[in-house]
Amino acid sequence: MKLRRFAAVASAGLLVAGLSACAQAAGGGKAADENWPRKGKPIEIIIAFDPGGPADSAARLVAPELEKKLGTSIQVVNKTGAGGQVGYTATARAKPDGYTFGGTGSPSVVVAPLDPARGAKFKRTDFRPLANQVIDPQVVAVRPDSPIKTPKDFVEAGKKDPGKIRVTTTGLQTGEHFAVADLERKTGAKYGLVHFSDGSAQAMTAFLGKHVDVYVGSASDLISQAEEGDLRPIGIMDTKRSPFFPDVPTFKEQGFDVNHTTIRGYSAPAGVPDAIAQKLEKALSEVLQDPKIVAMIKELGLEPRYMSGKDYEAYWAEQEKNYTSLLPITKEK
Amino acid sequence: MSVINDLLGGFATALSLANLMYALIGCVLGTAIGVLPGIGPVAGVALLIPVTLNLEPTSAIIMLAAIFYGTQYGGTITSVLLNTPGESASAITTIDGYAMTKKGRAGAALTIAAYGSFVGGTAATVGLVVAAKPLGSLGLAVGPPEFFSMMVLGLALLVCLAGDSMTKALISGVIGLMIAMVGIDPVEGAPRFTFGNEFLLDGVSFVAVIVGLFGLSEILNTGTERPGKVETPGFRALLPNRTEFRRSNPAVARGTVVGFLLGLIPGMTGSVSALLSYGAEKRFSKYRDELGSGAIEGVAGPESANNAHANGALVPLFTLGIPASPTIAVLMGAFLQQGLTPGPSLFVDHSELAWGIIASLFIGNVILVILNVPLVRVWTSILSIPPAVLTALILVFMVVGSYTINFAAFDVFVMTLFGLVGLGLRKLDIPLAPLVLTLVLGPLMESKLRESLEISQGDFSIFASRPICVVLLLIALVIAATPLLRPRRRKTRSKENQHEAA
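Here the protein sequences line up with chains A and B, keeping their order.
Just so we're aligned: 9 in the numbering used here is position 9 of the first sequence, and the numbers increase by one with no gaps anywhere.
Just so we're aligned: 410 in the numbering used here is position 410 of the second sequence, and the numbers increase by one with no gaps anywhere.
Just so you know, the hints here were simulated from the structure itself, not pulled from any lab data.
A few of these clues could be false.
Computed beta-carbon distance windows for the label pairs [to be verified]: (1) K321/A - R283/B: 50 to 60 Å; (2) L170/B - A314/A: 56 to 66 Å; (3) D290/A - A190/B: 21 to 31 Å; (4) N197/B - D290/A: 32 to 42 Å; (5) K292/A - S2/B: 51 to 61 Å; (6) M21/B - E253/A: 49 to 59 Å; (7) P246/A - L15/B: 18 to 28 Å.
Think of the CB as a built atom: it goes at the ideal place given N, C-alpha and C, for glycine as much as any other residue.
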């Protein structure tokens, strides 16, 4: 009996002590939130991909403008590896004080935690999405002399000769793989997938060298070849047409509901105080919609599509649902 | 002759005082960056892109190309002087380069490296000017099956890298393949030998492995007894002597051809070129028996090859808009940020600029030589630092370098571990070159085999039905079979000798 009473008193005491500690922390935190960002304390943007790539280039364009808005220096740090997983882990686990946030791109950030074999140490709720910057839809392209001219032709061809048409992806469980798997599931067509795990340049080389028949890849990866007339895009997997290929129909227009895009935005680690997150979101929304930045992003072959933190979060959740249902298909042999 | 006119026009654009300044600054910056292991050409160029954003497109590309050349040469400096490759393409240079340093010929090695780089780079740029279009389609003829066959051929060169013992060379080669197995496999997407560690999902970092294998194990092996005790040589001793020059020429020529041709193939890396060039020296050089103990060919060949490769890799970029190597991908990013789309239309829409860039590649190569040959003296003076201090400095260097590969302490552990592995291999007298060869070729071979079989839907006859594949595989077979024939001949000869003696 005595013991139980002691336990009750002790826990009550602990509770009080804990609450007051919380209050103190919150009080101190508030002051820190208001002063954020402290002048002279740099903010790090973690980019999970190689320097010079699209994710890195976009961030390096944004950083100087963001510096002006926030009044402190901003450093872009590349932590690469495992298809972005290393960098995403670093962002998710960073101290949520607003001095570290990261570039988050889907499908990589969405897919990594879905497959337990990859041992990802983060999930969607470990991030607080701040803003989306660009969208890069999947495009299906053929050689200029191909009889396939529209998404309909492509689907018909995949039904007529199941598995005969060689289609590139940039590796297993990449955006391209999910996109084609989704199309197969929704239409009953079947393609012979060739996974170029070394990336899009290898896939493009094999396609131009006529070793494979159809190239599937992000719009930004094929703009230059399309301009040269080396390949012909036939369909876009987005809700609207790409500004780079205004004459190419979307799959949706032709009755196939497949939307597969790479989107790249910025997220802070979850738990970052609201006041700080809002300041970051505000600064990002101004910079990302600045006409000068928008024009520079377009020069890179990327389609700027700003989304607020809330919209980005919703888009992310939607993609997560889609990929979760597709994952078993991509593992079938 | 419009090509020559265009090129002269290009020189007119590129040869302004300001542009020369940018090229000079680029070379100096690049060399400084390249000297640090970990930060190779890719990161070097990428880090400095923001600096060039506000420049004129021609100036920006000139500066980046110069940085690129500089980083590549900087990597050679540490390979030769400190036995620590600054970047992956000069890994193989350490073997003979450092052996030359031990013999007091560091200056000659560095000068020949600069000379080979210049010849390789310039010849490849000439190739780009004269025959970009046909060369571009040559690269396209190499599909996954041909690529795979080429890797088999490269692997066959392993038999040439064997020193006294074929068994030991094979052990070394298998260790390399085993390390290459780590990471996500390209067949099922399943992690292999990663022990749940996400840093291993992409495989073991190549630069960390070679810095450990070569640099750290050397330090562990010799303790503080650095052979750097050679007194700083006088200026004349810095330059290669006539024999060294004469001997390096055929190696430079072979290296240039190997590097340029492989550079045309998207996906091939500069380290593959350097390795295969080293293999070619081992196979064809008149002085092949000296390779490994400080032969000039072992520096001249690979260094020409990796620079010819770097310039050859620009052919797919200019003809097809395909970034053939990671460094070229970064350069392509720089083009895009300047509002230029690389591809044949660049020569139509922005002809002046395109030719300006080509001219600047020539200029960059020249500046590299002018800048670095006099600096060889400065670099070699590093060796006059007291051994104890120098060793400590190199250790700091290797740790910082490994860390900066990916800003992860994990790579420092990898480097340390492979230092110990390297020490063990040295004690057992197992050569390191086969390990490096299989480590570089293994992953490429695996993914290309997989892609080939996906194209053929699992049918192995795809390799027998393509002429290029058949030829390559046959050559590989011949190379692999030669050592089986040679010792028998030697044995019979020694038997004959015994007979004569009796």
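If you check the beta carbons of K321/A and R283/B, does the distance land in 50 to 60 Å? 57 Å, holds
Starting from the range 18 to 28 Å, see whether the pair P246/A and L15/B falls in it by beta-carbon distance. Roughly 41 Å apart at Cβ, these two residues miss the hinted range, so it is violated.
Quick check on a hinted range of 49 to 59 Å for M21/B and E253/A, using CB atoms only. 53 Å, holds
Exercise. Quick one: are L170/B and A314/A within 56 to 66 Å, going by C-beta?
Worked result: 57 Å, holds
Assuming the hint says 32 to 42 Å, is it satisfied by the Cβ distance from N197/B to D290/A or not?
Check passed, 41 Å falls within 32 to 42 Å.
With 51 to 61 Å as the target window, see if K292/A and S2/B comply at their CB atoms. 39 Å, violated
I want to verify a distance hint. Is the separation of the beta carbons of D290/A and A190/B within 21 to 31 Å? Given about 44 Å between the Cβ atoms, the range is violated.
Hint compliance for this structure: hints 3, 5 and 7 are broken, all remaining hints hold.
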